[in-house]
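Novice: One-letter residues, chain by chain:
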Amino acid sequence: MKDNVLRKLQVLADAAKYDVSCASSGVSKNNTGTIGNSSAAGICHTWSADGRCVSLLKILLTNYCVYDCEYCVNRLSNDVARASFTAEEVAELTIEFYRRNYIEGLFLSSAVEKNPNHTMEKIVKTLLILRHQYKFSGYIHVKAIPGADKLLVQQAGELADRMSVNIELPTEKGLQLLAPQKSMKKMFLPMKQIKDQITQSKEERMHFRHAKRFVPAGQSTQMIVGATNESDLSMLTITDQLYQNFSLKRVYFSAYVPVNRGGNLPALSTAPPMLREHRLYQADWLLRFYQFDAKELLDEREPNFDLDFDPKMIWALRHIHEFPKEINTVPYNELLRIPGLGMTSAKRIFKQRKVRAITYDDLKKIGVVLKRAKFFITCNGQFYGVKSMEPDSIKEILRPAQPFEQLQLQLP
Amino acid sequence: MIYLHDGTFNGLLTCVYAHYYDKAAEGIYSEGTYELSLVDDKKRLVTDVDKAKKVYNAIMTKISDEAMSHVYHTFLSSDYHKDCYLLRYLQLGFKMGYKIDYHRTHQDVIMVHKLSAKVTKERHLFLGTLRFQEVGKGLYAPLAPDHDIIELLASHFADRLKHEQFIIHDRKRNKAVIYNTKAWFITEFTYEEEVKVSEREKQFQDMWKGYFEHISIKERENLRLQRQFVPVRYRQHIVEFGD
Ligand code: SF4
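Residue numbers (full-length UniProt numbering), protein chains in the order written: chain A, 1 to 412; chain B, 1 to 243.
Any given hint might turn out to be false.
BS3-like, lysine-lysine: derived pairs with alpha carbons at most 30 Å apart [to be verified]:
hint: 1; chain 1: A; residue 1: LYS2; chain 2: B; residue 2: LYS202
hint: 2; chain 1: A; residue 1: LYS135; chain 2: A; residue 2: LYS173
hint: 3; chain 1: B; residue 1: LYS218; chain 2: A; residue 2: LYS364
hint: 4; chain 1: A; residue 1: LYS347; chain 2: A; residue 2: LYS365
hint: 5; chain 1: A; residue 1: LYS135; chain 2: B; residue 2: LYS202
hint: 6; chain 1: B; residue 1: LYS95; chain 2: A; residue 2: LYS365
hint: 7; chain 1: B; residue 1: LYS114; chain 2: A; residue 2: LYS347
hint: 8; chain 1: B; residue 1: LYS54; chain 2: A; residue 2: LYS325
hint: 9; chain 1: A; residue 1: LYS212; chain 2: A; residue 2: LYS195
hint: 10; chain 1: B; residue 1: LYS182; chain 2: B; residue 2: LYS218
hint: 11; chain 1: A; residue 1: LYS351; chain 2: B; residue 2: LYS218
hint: 12; chain 1: B; residue 1: LYS121; chain 2: A; residue 2: LYS249
hint: 13; chain 1: B; residue 1: LYS114; chain 2: B; residue 2: LYS182
hint: 14; chain 1: A; residue 1: LYS249; chain 2: B; residue 2: LYS218
hint: 15; chain 1: B; residue 1: LYS43; chain 2: A; residue 2: LYS351
hint: 16; chain 1: A; residue 1: LYS150; chain 2: A; residue 2: LYS202
hint: 17; chain 1: B; residue 1: LYS162; chain 2: A; residue 2: LYS347
hint: 18; chain 1: A; residue 1: LYS125; chain 2: B; residue 2: LYS202
hint: 19; chain 1: A; residue 1: LYS387; chain 2: A; residue 2: LYS371
hint: 20; chain 1: A; residue 1: LYS173; chain 2: A; residue 2: LYS150
hint: 21; chain 1: B; residue 1: LYS114; chain 2: A; residue 2: LYS351
hint: 22; chain 1: A; residue 1: LYS371; chain 2: B; residue 2: LYS62
hint: 23; chain 1: A; residue 1: LYS354; chain 2: B; residue 2: LYS118
hint: 24; chain 1: B; residue 1: LYS53; chain 2: B; residue 2: LYS99
hint: 25; chain 1: B; residue 1: LYS209; chain 2: A; residue 2: LYS2
hint: 26; chain 1: A; residue 1: LYS125; chain 2: A; residue 2: LYS173
hint: 27; chain 1: A; residue 1: LYS135; chain 2: B; residue 2: LYS95
hint: 28; chain 1: B; residue 1: LYS114; chain 2: B; residue 2: LYS137
hint: 29; chain 1: A; residue 1: LYS354; chain 2: A; residue 2: LYS365
hint: 30; chain 1: B; residue 1: LYS23; chain 2: A; residue 2: LYS347
hint: 31; chain 1: B; residue 1: LYS196; chain 2: B; residue 2: LYS114
hint: 32; chain 1: B; residue 1: LYS53; chain 2: B; residue 2: LYS43
hint: 33; chain 1: B; residue 1: LYS162; chain 2: B; residue 2: LYS114
Reference listing, derived: stretches of chain B covered by chain A, where coverage requires no fewer than 3 residues with Cβ under 8 Å from a Cβ of chain A [stated by the list, open to error]:
hint: 34; stretch: 20-27
hint: 35; stretch: 103-109
hint: 36; stretch: 206-215
Treat the hints as calculated values from the structure; they're not laboratory data. Nothing here was measured: the structure is a model prediction, and the numbers come from that model. Quick reminder that beta carbons are idealized off the backbone N, C-alpha and C, glycines included.
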């Protein structure tokens, strides 16, 4: 019996692995060209061979799908191994993995088996068993299936910590091309419902302590990077709108890994655009924590990020007249705009200044990446960068030794 | 004067007390790790809980609770000179007050922050990578950490596994946290025989391993990054990395 579950687990883990939206993946802290550091609050339980943090049991309830989205391994017309868990099986796995400290919780996604309602019902059943039968209080993230009954989405939201509806592609046009059975409108419906019920439950809980919680960890979504030829600008614009209109907690990006052949898809030999994904995460980070505006980072003239430099660096070079900034006096929110300076070092500088003026050498000890920062700061009036504040000469010095090359996959 | 203590936190604080009220100290060490030197003028102090408490309260009120947590974490580190660094840090702290932790560029602060960060980081790693297995009615988790951190893990797991009995066993230091569904305590602990893994336990381990293998995306493989997150020395007790 367990052999059977083991086989299903492998099939359905395989099927779920391209989904990045779990609690602690996709948070990029450093500039290594990869992602996978843990988020501030998250606990990573292990790291898979691709270096990504694993904190949740991330599986598909089923990979039988009635839809036929071109970019997806599980599309109807693909000949892949199929499997379906029962609600009981998923619940037991979650509990047993959780007790052994393999995971922090469950991330349950699903293909659309039979129809949206049938699938959503099964998701709700799994959560009911976990929460009520096993009294599981750990973290649960589930997918809301667009097209499912409002009531089912509501039930799931009352049991889960986080919910997400995946956008997948940033424009209606892209969707029509690759996933003609989906539409922005159909996806925005459950998103809006979730947003409204979150707001409502927050309000009720201010008055009644026992009012029901609804998706307390908020909602998120995911977009695929590089399946269609949309620009970074269109990705970032919709990201910004999603944060504003649906109060999303996170937007995740996932570099497209070619799994299917298809007239509208990148060739199978195309490497996943990892660096582009990384730049989008950096930009998203700037939106959420550094008070940047999408419009400040990209525009029609330059709709894509530079792969050689991070978005903040590019922004600074385009606003070179605002620099250099004096480390010992510049206000905190402007500290955050200096390339090479992260939130941690900005905080440290801010505090250190209260004890003693900061010298150039001190900056190293505090953890500032001077290689980049030195062109944009003065320290006690002294400037350490190149003499002329010329964006091009700064770029020349900082350009990565070997220009980044997308590795080509070896095909037989 | 070099003061030696019994290896407990109160022992360390007793030495700090002596530094201020008896003879000034040049260094403080735990008697168990101290490497004998004939030239040193040294004195073994008996741990005095009242004196320790006075120093504890002084740190909390005259410096800060943040400093206290740096002191405690540094104390748990395995650095040979840790207590000497702590002495200097505290001397500065009693002069500067809570602002000491703003002073990230002072040598005495750097040393303590560095060690304290190492310990906190290791604790965080084990919150995720500690692996329990079912043994009889309870759960058992072996580990061999660089620093003496099991105490820092105890309350997290007591909260997470409220209704289960468990043992967290530091195999390097032969001590363990034992939790009996009500409270936890720390005790000396050795395991004579290797733990036998039940059939049911083995099934879940296999399922986890199978899951672990299948969750990674081959096109994105990056073993160097993986090694950065889970250094090889930690892998022997992590189910999915074993063979
Ligand atoms: S609906 Fe989801 S699982 Fe089904 S083909 Fe589309 S993306 Fe894949």
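Novice: For each hint, tell me whether it holds in the structure or not.
Specialist: To see whether the hints hold, each was checked on the structure:
{"no.": "1", "hint": "LYS2/A <-> LYS202/B", "in the structure": "holds (11 Å)"}
{"no.": "2", "hint": "LYS135/A <-> LYS173/A", "in the structure": "violated (44 Å)"}
{"no.": "3", "hint": "LYS218/B <-> LYS364/A", "in the structure": "violated (38 Å)"}
{"no.": "4", "hint": "LYS347/A <-> LYS365/A", "in the structure": "holds (14 Å)"}
{"no.": "5", "hint": "LYS135/A <-> LYS202/B", "in the structure": "holds (25 Å)"}
{"no.": "6", "hint": "LYS95/B <-> LYS365/A", "in the structure": "holds (22 Å)"}
{"no.": "7", "hint": "LYS114/B <-> LYS347/A", "in the structure": "holds (17 Å)"}
{"no.": "8", "hint": "LYS54/B <-> LYS325/A", "in the structure": "violated (46 Å)"}
{"no.": "9", "hint": "LYS212/A <-> LYS195/A", "in the structure": "holds (15 Å)"}
{"no.": "10", "hint": "LYS182/B <-> LYS218/B", "in the structure": "violated (45 Å)"}
{"no.": "11", "hint": "LYS351/A <-> LYS218/B", "in the structure": "violated (44 Å)"}
{"no.": "12", "hint": "LYS121/B <-> LYS249/A", "in the structure": "holds (26 Å)"}
{"no.": "13", "hint": "LYS114/B <-> LYS182/B", "in the structure": "violated (35 Å)"}
{"no.": "14", "hint": "LYS249/A <-> LYS218/B", "in the structure": "holds (29 Å)"}
{"no.": "15", "hint": "LYS43/B <-> LYS351/A", "in the structure": "violated (39 Å)"}
{"no.": "16", "hint": "LYS150/A <-> LYS202/A", "in the structure": "holds (19 Å)"}
{"no.": "17", "hint": "LYS162/B <-> LYS347/A", "in the structure": "violated (37 Å)"}
{"no.": "18", "hint": "LYS125/A <-> LYS202/B", "in the structure": "holds (28 Å)"}
{"no.": "19", "hint": "LYS387/A <-> LYS371/A", "in the structure": "holds (15 Å)"}
{"no.": "20", "hint": "LYS173/A <-> LYS150/A", "in the structure": "holds (27 Å)"}
{"no.": "21", "hint": "LYS114/B <-> LYS351/A", "in the structure": "holds (18 Å)"}
{"no.": "22", "hint": "LYS371/A <-> LYS62/B", "in the structure": "violated (39 Å)"}
{"no.": "23", "hint": "LYS354/A <-> LYS118/B", "in the structure": "holds (26 Å)"}
{"no.": "24", "hint": "LYS53/B <-> LYS99/B", "in the structure": "holds (23 Å)"}
{"no.": "25", "hint": "LYS209/B <-> LYS2/A", "in the structure": "holds (14 Å)"}
{"no.": "26", "hint": "LYS125/A <-> LYS173/A", "in the structure": "violated (35 Å)"}
{"no.": "27", "hint": "LYS135/A <-> LYS95/B", "in the structure": "violated (52 Å)"}
{"no.": "28", "hint": "LYS114/B <-> LYS137/B", "in the structure": "violated (40 Å)"}
{"no.": "29", "hint": "LYS354/A <-> LYS365/A", "in the structure": "holds (16 Å)"}
{"no.": "30", "hint": "LYS23/B <-> LYS347/A", "in the structure": "violated (39 Å)"}
{"no.": "31", "hint": "LYS196/B <-> LYS114/B", "in the structure": "violated (39 Å)"}
{"no.": "32", "hint": "LYS53/B <-> LYS43/B", "in the structure": "holds (21 Å)"}
{"no.": "33", "hint": "LYS162/B <-> LYS114/B", "in the structure": "violated (33 Å)"}
{"no.": "34", "hint": "20-27", "in the structure": "violated (count 0)"}
{"no.": "35", "hint": "103-109", "in the structure": "holds (count 3)"}
{"no.": "36", "hint": "206-215", "in the structure": "holds (count 9)"}
Checked against the numbered hints given earlier, the structure breaks hints 2, 3, 8, 10, 11, 13, 15, 17, 22, 26, 27, 28, 30, 31, 33, 34 and satisfies all the rest.
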